[in-house]
Each structure stands twice: as C-alpha cells, then as structure tokens.
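Trainee: Top line first, the protein sequences correspond to chains E and C.
Take the first sequence: its position 329, counted from the start at 1, is 329 in this note's numbering, and no numbers get skipped.
Just remember that this note's numbering sits 1000 ahead of the position in the second sequence, which is counted from 1.
Derived from the structure by calculation, the hints contain no laboratory data.
Keep in mind the model is a prediction, meaning the values are calculated, not measured.
A portion of the hints provided could be inaccurate.
[Stated by the list, open to error] Subject to a maximum C-alpha distance of 25 Å in a straight line, what follows is the list of computed BS3-like cross-link-like pairs (lysine-lysine):
(1) E/Lys314 <-> E/Lys130
(2) E/Lys15 <-> E/Lys139
(3) E/Lys314 <-> E/Lys252
(4) C/Lys1130 <-> E/Lys231
(5) C/Lys1163 <-> C/Lys1293
(6) E/Lys162 <-> E/Lys136
(7) C/Lys1055 <-> C/Lys1329
(8) E/Lys314 <-> C/Lys1055
(9) E/Lys162 <-> E/Lys252
(10) C/Lys1293 <-> C/Lys1261
(11) E/Lys139 <-> E/Lys114
(12) C/Lys1116 <-> C/Lys1130
(13) E/Lys231 <-> E/Lys314
(14) C/Lys1130 <-> C/Lys1163
(15) E/Lys162 <-> E/Lys15
(16) E/Lys314 <-> C/Lys1293
(17) C/Lys1116 <-> E/Lys136
(18) C/Lys1055 <-> C/Lys1325
(19) C/Lys1116 <-> E/Lys139
(20) C/Lys1130 <-> E/Lys136
(21) C/Lys1130 <-> E/Lys139
[Unchecked claim] Example chain E residues on the side facing chain C (calculated, C-beta under 7 Å, incomplete):
(22) Ile260
(23) Gly262
(24) Thr317
(25) Ala318
(26) Gly321
(27) Leu322
(28) Arg323
(29) Glu326
C-beta atoms are modelled at their ideal positions from N, C-alpha and C, and glycine is treated no differently.
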Amino acid sequence: MTSEIILLGHGSGGKLSHQLLDELIVPTLSGYTPQNQNDAAIVAQPKGRLAMTTDSYVVDPIFFPGGNIGDLAINGTVNDLAMVGARPLALSVGLILEEGLPLSDLRTILISMKAAAEEAGVVIVTGDTKVVPRGKADKIFINTSGIGVIEHTFAINGSGAKIGDQILINGPVGDHGMAVLARREGLELDSDIHSDSAPLNGLVAELLTAVGADLHVLRDPTRGGVATTLKEIALQSGVDITLNETSVPVSKAVTGACAILGLDPLFVANEGKLLAFVAPAAADAALAVMRNHPYGRSAAIIGEVTLASVGRVKVRTAIGGLRSIEMLSGEQLPRIC
Amino acid sequence: MNYTTEFRDPELAALQLEAIRRTVANHSGVMTLMEVCGTHTMAIYQHGIRALLPKNIRLISGPGCPVCVTPIDYVDHAVALARRPNTIITTFGDMLRVPGSSSSLMREQARGATIKIVYSPLDAVAIAAKNRAQDVVFLGVGFETTTPTVAGAILTAARQGLKNFLVLGSHKTMPAPMAALIGDPELQVDGYLCPAHVSAIIGSDAYLPLVNQYQVAAVITGFEPLDVLQGVLMLARQIVSGKMQVENQYRRVVHPEGNPKARDILDQVFEPCAARWRGIGDIPDSGLRIRPKYAAFNAAIQLPVEVEAAVERPGCQCGEILKGKISPKDCPLFRTVCTPEEPVGACMVSSEGTCAAEYKYGTD
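The shape of chain C in the complex, shown without the other chains (with noise of 0.2 Å):
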C-alpha cells in the first residue's frame, strides 16, 4: 500500500465529504470539533480541508504542538544552559528559534553556543560519546510519542557509563489537557479528533475516562487527507446520533493496549507529575519527569544555572490560540509583528504551530 497517494485519493475523498455533508444537513448549530494534534493542524491546513467542510462544521487547532505549548521559562533555561562553558546543547530544530524573554537558542548559536540539531536522542547520545570532555544536553520536549525515544537515550547513556549526557526535560502528557479545555465554557467542544501517534503508545483506551465522565466525541485519527475526513464523519455521526464514544479510525497503528513496550521503558526512567503549559497554566498529572534513580541525566537538578525571570512577549495571543479561543488572524500581532522570520511567539515558529500553518497555507 502506498500511503502518500492512496489516502489523498479524490474520489474516495469526495465520497467522505458527501457522506459528512448528508450527516451534518438536519443539524442545528455548529458543531466544534477540535484537533488536538499539531501535525492534524498542519494536515489540514496543506491538504485545504477546512473551506471543503460544510459550514456548520467548525475545525479548531488544540494545544498538541509540543513546541508551541512548552512554556517561556524552559526556553530561558535552556538558553541559561547554552550560555554555560563547555556545553552542547542538542535539540529537535524547532526549539532552535523559539523566542525566549530576552533571547533565543539561534541567538545564542550566533553568539558562539553550540547548539547541534539532531533528529533523534540517540545521536546526542553519540555526540556525548564523542565529545567527553563537554556536557552534552538534550532539550526533552514532547509528548508520548517522543520520550520513550529520550528514554531509551538515558538507558543507553547508563549503560555505556557516560556521564556528559544530560536531559533537560519538559515531557508533556495526553490525555489530561483534553479534560482541562472540555469544562471552557467559551470553546464548547463538541468532539476531539485524538492524537494519531501519540494514542499509538497510550492506546485508544486511555481516552475512556475522559468520554465517559464529559460525554465528548472522541476520534483517534490519523493524518492523511482520507483519514482526517474520515475522522470527522465519525465525530459527525456521534455527535448526531448523541452516542458519544471513543472510536479509532487510525487502526492500522493505533491498538486499544497502545504500545505496552514503549510505555514500559517510559516508565523506567519518567514518572508523572504536575506540568505547565503555555497558554493553559498547571495542569496536574500532565507531564512527565525523570525519576530520582536517573538523577545524574536530569540537567535541571546536575548543572545549576541561573535563569532569567520569565516575561511573555508583550500582545502574544500564542496562549489563546493553544486553548482554540481565538485563530491566528485574530491576533494583532500575526502577519505584521509576528512572522516565521521574527517570530514573537513559538505557534509561528513550529512546524506544527498553528500560526506558522496559517501563514504558510492560509487562503484569504
């Protein structure tokens, strides 16, 4: 199976919209559904699928782009680390201009830190190898899908005895989010299309709870064209029918267990806490920290660094558009002050920001 070009077939896709378009005719009101994922984000927004939905119908971008909920103080403690003699930082490329209070890890890569882009933990834990004599820190930033692969990264730095290599953490959690945003009263979600891949590790059961105790539509769904439509129409047909479950339209990945070995090796090494988001504020049991026996790889707690005090750029409305309130061409700032190039906030700088999406692909 081809799976760029079969899921973004253009009759199949018709037949989705057809069969959304029949399912949602009787209904009164709008219905808001909201993705929570930031590549659902981009997804949508490449592949136009907002303007072919009908107008009843109303798509929100939630707060899963992990970059863009990773809050202002992180960034300046990671930039306080890049600062420090001796030290490589090493990083997913999009934390690389987030904007921190007075400056950002690009900055301070132009200022002389060395900051190496990696495409995996395991190959900072191979720059650490190399580099012995050097502290080598990885900016844990993530959800599910993620921190098992920085888990496995101290497992492995444990193993080989390496004692440069250090992770400075801020591991969010699905589903608790979802839960704070349902009570808004201002968002009024309808239904959530779920994570694709994170539900991989957690499973489509971790959603239970949270449908059962709301009476919130939920879809796990994947990320092609074909499986964002198809998606809806389950959303759709739930939330008419006012049968509100969790269902899984991703089921060639996602399984109802999740992935027990990944979620396993999660374990040795995090274990939950409190976290703060951008734009939502603490959130507890939503995040994950490296647990006491991996101290010696916790940055935060082996190299003291003093962090500046954290200020949000001044008219940012990153927060809000994490919560859905409001869309990027609602913000004073996006287009004119805000922009890929000088980016105020870290939804336009994220590959999977919701303001980035709007600016790369938005139509008038």
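So here's chain E without its partners, still in its complex pose (with noise of 0.2 Å):
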C-alpha cells in the first residue's frame, strides 16, 4: 500500500480497490485468499431455525474508551443474534469509508474486528468496500449482518413476559453511552469510564443450558437504555414491570457525570449488556450463571413483572417513591452507536 490516507481510487473498483482488500481488509478479517473469493459466499447449512439481523454503526468517535467502531459494529450484531437465542454463524461487513481516512485508522478498526469476531467465535464471511468523497460522510460508516442457527425449541422473544418473571441485567449500566459522550465532548472527569462493548453470545448460550424454557425474554438495552427497553417488551408482553432503583447496577463514575449533565443512566445505552425475563423459580440458577461469567460478574435482580396490562413500567425510587417511565424520545445522545 503507497498511499497512507484512503483516496477515492480505493473505492474505484480497480487497480487501488483490489490493492486495498487484497493486502489489508480481506486478510485481516477473514484471511481468504485472493484464489477462494466470489460474488457470494457459501454456509453449510445447519440444523435448526436461522436467524437474520442488521445493523449499521455511524458512532462518534470512531475511537473511544473500551473500544472503537470496529469491535462495536462485530458485538452489536452478535449480541443481536444472541437475544433470540441464537448462536452467530457468519457476519457480512460493509465498510463506507470517507476519502481522506487515515489507513492506520482502518487497520486498527479491521485488527479490533478480527480480534472480536474471533472472541465471539464467529466468522466473516462476506463484504463491501465503498469510498465517498471528503464530507459525504465520516471517516467511516459500517454495517454488518449475520446469521446464526436457534438449535433449541424454547421460545424467547419481546412478547413472552409473565407474570412473576424476574428481570436481570449483567452489569452496570450506562457506560458505553458515557464513554462515548465524554470523549466526544471532550469531559475531563476524574475517573475513566470505558464502554462495555462486548459479545454476550457465550454467557446467553451458558443461560439457555442452566434455565432453559424458563427464560422468556432477552434483549439488549442498547439505545435509550434500560428504560426503553423495558418499555419495549412491557408493551410487546402487555405486562406492567415494576424497577428497583437502588438494585439496577450503576458504577460511581456514571453515576456522577449523569449527575452533571442532567442524564438518567436507566436512559443511557449500554453495548455489553442483557436484560433477561426468568421465571421466578430459575431466577437464583440465572443470577448465578451470570455472576459466574466474565462478562455477568456484577449481575442483578432489577426488578419484575406484576401483572397482565397495558405496558407501564414503574420505577420503585430510592425514597420509595414511584415514578413510571416513558421510551426515550428525541436524540438525548446522538450518534452512540
């Protein structure tokens, strides 16, 4: 590679585009050789459902504390295969690069691509490559897609909430929003917060083995956090939810810059996290497992299902008083994802 910056030549189709997936973007995310590529690629196929999902990553900064666009665009779409129970098989990427990025930049974020994928034990199997001119976007847009294989029977989906279901998250919440924002902003707070950004496929595939047809709902609370998605599937199920305040996870350093900047840490996204609906009677099992994995270790009991309705979802302050909660509306942090 001549060039240390992309050139609109790189997206040309030509002699510059082969250079830049022949010597850096194919061997560094899937290692095909220039011999074994086609217009499509090829999946045995498994035994059971498919499941299908896509996402497109347009964050702000592309770099940020715990991670950067590159391991966010592979979790993200991971994480939403393992919300329906799936286990990711092959992911597509779409890389939209802006003329003028640096090709460090793009390494490190393919390197970081590579690396997650392979945490998550899935593989790249397909992708594009397309360059915009200088401020027709910026510095690089990715989408991916994948697909993974559901090789069980149980049903878990938004709308399978019951009444007596114990809700559980994995960890604090909120720091992939904040870790974004104070970059961004350019905050100086005084302790570091890193984004959560993480694969959830391994610990989800530990739960589904522990409490199997006892888990009924599993979402990631990404954009509008926590309380939206509980607002999701409270709708989604027809159940009232009912939250504890003082039981949902939330570290000192997002507790704190929340504090400052007016922002409610149940509304802020999180990239590393799950909210699971368990049977009452499997709640503990869960907790356990969760608290067991790597990425669960701080895992909770938030709070639980009441009764059949129409879709509030109550928070339980922490002077006991009671508030309920709305979707997140309007863009309170634009571009976290």
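Mind assembling these two chains? They're in different frames, but the hints should get you there.
Mentor: Encoded structure:
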C-alpha cells in the first residue's frame, strides 16, 4: 500500500480497490486468499431455525475508551443474534469510507473487528467496501449483517414476559453512552468510563443450558437504555413492570457524570448488557450463571413483572417514591453506535 | 461525602416524610408550594416525591426553566441568524428543538445551517477563534447561574481580540418573577422552594425583600431528594407557625451574600433590564442585557436580520403551565399533539420543562 490515506480510487473497483482488499481488508478480516473469493459466500446449512439481523454503525468518535467502531459493529450484531437465543454463525461487513481516512485508523479498526469476531466464535464471510468523497460521510460507517442458528425449541421473544418473571441484568448500566459522550465532548472526568462493548453469545448459551424454557425474554438495552428496552418489552408482552432503582447497578463514575449532565443512567446506552426475564423459580440459578461469567460479574435482579396490563413500567425510587417511565424520545445522545 | 447516594437515603427520607406529615396534620386547607426551578421539577418527578407527600401539600411548578420562559420571538431571532450565510450558531442543546413561529433551530440545521451544541460559552469562544471568517453566535439563555459564564466568555473574547464572537442574549434574573406571581389570586402561593444554584450566585439575602413585602415562606433548597423533602418540611413549619422568613436548606452551597466574584464579572458585562417571560409577560428589572461598552459582542446590534412576526402556537398552554396554573395533563395538546418528538411548546422540549418531566416520569 503506497498511500497513507484512503483515496477515492480505493473504491473505484479498479487496481487501488483490489490492492486495498487483497493487502489489508480481506487478509485482516477473513484470511481468504484472492483465489477463493467469489461474489457470494457459501455457508453450510445448519440444523435448526435460522436467525438473521443487520445493523449500521455510525458512532462518533470512531475510537472511544473501551473500544472502537469496529468491535462495536461485530459485538452489536452478534448480540442481536444472541438475543433471540441464536448461536451466531457468519457475518457480512459493509464499509463506507470517507476519502482521507488514515489507513492506520482503518487497520486498527479491522484488527479489532477480527479480534471481536474471534472472541465471539463467528466468521466474517463476505463484505463490501465503498469510498465516498470527503465530507459525504464521517470517516467510516460500518454495516454488519449476521446469521445464526437456533438449536433449541424454547420461545425467547419480547412478547414472552410472564407475571412473576424476575428481571436480571448482567452488570452496571450506562457505561457505553457515557464513555462515548465524554470522549466526544472532551469532558474531563475524574475517573475514566469505558464502553462495555462485548459479545454476549457465550453468556446466553450458558443461560440457555442452565435455565432453558424458564428464560422468557432476552434483549440488549442499547440505544434508549434499560428504561426504553423495558418499556418496549412491557408493551410487547402486555404486562406491567416494576423496577427497583436501588437494585440497578451503576458505577460511581457513570452516576457522577450523569448527575453533572442531567442524564438518567436508565436511559443511557449499553453495548455489552442484556436484560433477561426469567421465571421466579429459575432466577437464582440464572443470576449464579451470570455472576460466574466474565461479562456478568456484577449481575443483579433489578425488577419483576407484576401484572398483565397495558404495558406500564414503574420505578420504585431510592426514597420510596414511584415514577413511571416512557421510551426515550428525541436524541439525548446522538450517534452513540 | 457521596452526594448521589447519601442524599437519597431511604431511612432518612422516611423520617423526613413522617416529620412533614406531623407538621401539616392539623393544618386546615391545602398548602400550595411552588418549586421555582426546573431542576427541582425534574427531581420531584424523577424521585416520585409528589405521591409521597400528604394530600394537603400541593406542589406546583414555576417559571424557573430558562428555555421554557424564553419568548418565541427570541427563537425566531435565533432562527433568522441561523439562516445568515457564514454564521455558526452555538447553543446549549435544549434550544435546538424549541419551536419558533414557523421553524426551529433543528429544522434550520437540517436545511444546512451550522449549529453546534456546546457545554460552555467558552467552547463557543474557542469555535470563534478557530473560524475567524465566520460569525459565531452564542445563544445566551439562562439565569444568574449561567450568565456569569457568558460574561466570562465575552471578556475572554475581548482579551483575545475576537471580532467574530457574538451573543444573542435573553438572560433572566430572580426573584422578580416570584414577586410577579405572588399577587395572582388564582395561584395563592404559600411558600417557595427557592432556586438552588441561582441562589449560590445571588445569595439568600436576595429573597428578603420578597418575604418582607409579601409574607410568603421561602426556603432555598438543593436538588437531591432529601434536600427537597427537607425544604418542604421547613416551608411547612414556617406556614404552620405563621413566621415567614428566608431559610437556607442548601447551606453546603449557598451563602447569604452569594458569590460576589461571579456577580462582579456579571456586572462588568451586563446591566439590568426589563424582560419578557413567556406566559407571564414583561416584568421590570427581571433580565440582563449586554452593556453598551460591550456592544461589539451583541448579536442583536451587530448582525441585523429580519425576524418574522411572532405567532404563538394555537392551543399551547405553556404560559399557564409556567405560572403553575395548570398541570401538563390539563393541556389538551399534552401527549396527543404535543410530544417530545413533536413539541408544540418549550415546556415539552427542555430537560427541565414541566411537560417533559410529566411525559417522561409522570404516573398515571
């Protein structure tokens, strides 16, 4: 590679494009050689139902404490597959690069994508790269799509919440949103806040093994945070949910940063968290599984499903008050993923 | 001390609530307390405080949300400036979605205007220093809490010799609107939870004339749940005993004399003026404008633009809500036509707005 930055020619389909693909992108992401590249990837047909998802990533800044746009794009799609109880199999990667992007930045991002894919046990089987003129995109946008296989017969979906279900989360909330915001706005906080970006498919597999059909709902509280996600599930399942504010784990640093900025951690995005609705008899077992897993050390039971209803979410506040929560509206924090 | 957990202690909260209940148990009639500040409104909703109080204490929200009390013609003025070529508008985020007569800053941004959200007026000065070929306008909206930082920004720009940093000001002061509301027979305010951080600047003594003239209870109160409960308790005790005075619950931050240094910086750049409050109208001596000495930084003087005639949105009850006369649920537009996604009035936009708080946290 002779140029140190992305040129328009890198997206032309010609010689520069081939050079970028053959020397950097394909070897870093997949290890395919030019000889075994075709117009589409061929994947062996697995046993079970297939799950498919897609997501586009436009986070600003592209590098933030605890990760970058690359691992975020892998983990996000892996997690979307895991949230329906699927085992992620294969991903596609679409890159939209802005002319002038330093090649070193692209390399760093690709290397972390590969590392994230390896950790999640998923392969990147196909992709696409486009370059747009300077100013027509912001450095790099990434789309990832994924397919996974559902190897069990349990029904895990947002409409499956049942009365009495205990609601578990695998750790402290708000880290990703506040890490991105702090970096983007140059906020000088006393303590560092790192994104929680992580693949959750391993944790989900262990939960499925341990509690099986007692696991009713899984969802990752990304944009809009825990509050918005619980409201979605309450509406989808037609149930009321009560959340205990004091049970929700929040780090000191996030609590402080949110207090300064007037944000509510319950509405701040996460990228390595899941909410699990579990039948009461299996709640302790699910909590134990989470706490034994590297991505669930400070897991907690934060609330429960109280009755069949129109989908209200109420929060029991620290001082014993009660408030209801609605979905996040507007853009409290734009471009966080 | 950890300010975010110790001031939310459930056992202490229960003790405060019990003391409040005992204090008002034999009080005949309803006690009406107005929380002046938008941050109080948000805290009261966020912690579910209203439902915990005895039935004969009524908390109403007041005119202390700076974005909400900004008149519509100011938004129109900002929109007109945003449409100027070679202009960068810098603002706190809340102003972006406030609807003007026919547009909003967010719409202008979508049409190509350059609008940057900043967390400090000094960030706007830095943007001006980096973009000297463009006029950088900071939207100066707020109370005495933020105005000293705007004054500081103007002084900094003057020191740096920046000719392209300007402020479009709509600065408001306390406690003039509290006096304006006290005479309203529909409201019958018995006591004020006085603003916390505004008082850190103006000092607790600033409320003495108000209390002496109108015999109203006044307690400067912090923003954490235990602060609010203690403020309510102190107000209730004043009202029950009939001994109205200025008390300071927020002593860890507010002093009788306030912050003379901040006021000195403010006085260098700003002078008192009458101001227009949305919903309340013109109140003498309730605003601050840039002194003639610093006219070079006054966008209203330096950047003449044609501003459309102000048209309030039909049906919008923000004015009544800002005076505490109705609650959001009494507004026919609330939740139906007016939502945070499509706000009709400023009270639904601002993170300190009563309607936004009710929408986000209100219990059915």
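Trainee: For every hint, state whether the structure bears it out.
Mentor: Going through the hints against the structure:
1. E/Lys314 <-> E/Lys130: 46 Å, violated
2. E/Lys15 <-> E/Lys139: Holds, at roughly 22 Å.
3. E/Lys314 <-> E/Lys252: 24 Å, holds
4. C/Lys1130 <-> E/Lys231: 44 Å, violated
5. C/Lys1163 <-> C/Lys1293: 14 Å, holds
6. E/Lys162 <-> E/Lys136: 47 Å, violated
7. C/Lys1055 <-> C/Lys1329: Satisfied, since the Cα-Cα distance of roughly 18 Å is no more than 25 Å.
8. E/Lys314 <-> C/Lys1055: 21 Å, holds
9. E/Lys162 <-> E/Lys252: 33 Å, violated
10. C/Lys1293 <-> C/Lys1261: 20 Å, holds
11. E/Lys139 <-> E/Lys114: 20 Å, holds
12. C/Lys1116 <-> C/Lys1130: 13 Å, holds
13. E/Lys231 <-> E/Lys314: At roughly 9 Å apart (the allowed maximum being 25 Å), E/Lys314 and E/Lys231 satisfy the hint.
14. C/Lys1130 <-> C/Lys1163: With Cα atoms ~12 Å apart, C/Lys1130 and C/Lys1163 stay inside 25 Å; holds.
15. E/Lys162 <-> E/Lys15: Violated, at about 58 Å.
16. E/Lys314 <-> C/Lys1293: 54 Å, violated
17. C/Lys1116 <-> E/Lys136: The given pair, whose Cα atoms are some 19 Å apart, holds under the 25 Å limit.
18. C/Lys1055 <-> C/Lys1325: Distance of about 18 Å is within 25 Å: holds.
19. C/Lys1116 <-> E/Lys139: 19 Å, holds
20. C/Lys1130 <-> E/Lys136: 22 Å, holds
21. C/Lys1130 <-> E/Lys139: 21 Å, holds
22. Ile260: Not OK, violated: E/Ile260 not within 7 Å of chain C, min 10 Å.
23. Gly262: Nearest chain C Cβ about 6 Å off; hint holds.
24. Thr317: 5 Å, holds
25. Ala318: 4 Å, holds
26. Gly321: 2 Å, holds
27. Leu322: 5 Å, holds
28. Arg323: 4 Å, holds
29. Glu326: 6 Å, holds
In summary, the numbered hints that this structure violates are 1, 4, 6, 9, 15, 16, 22.
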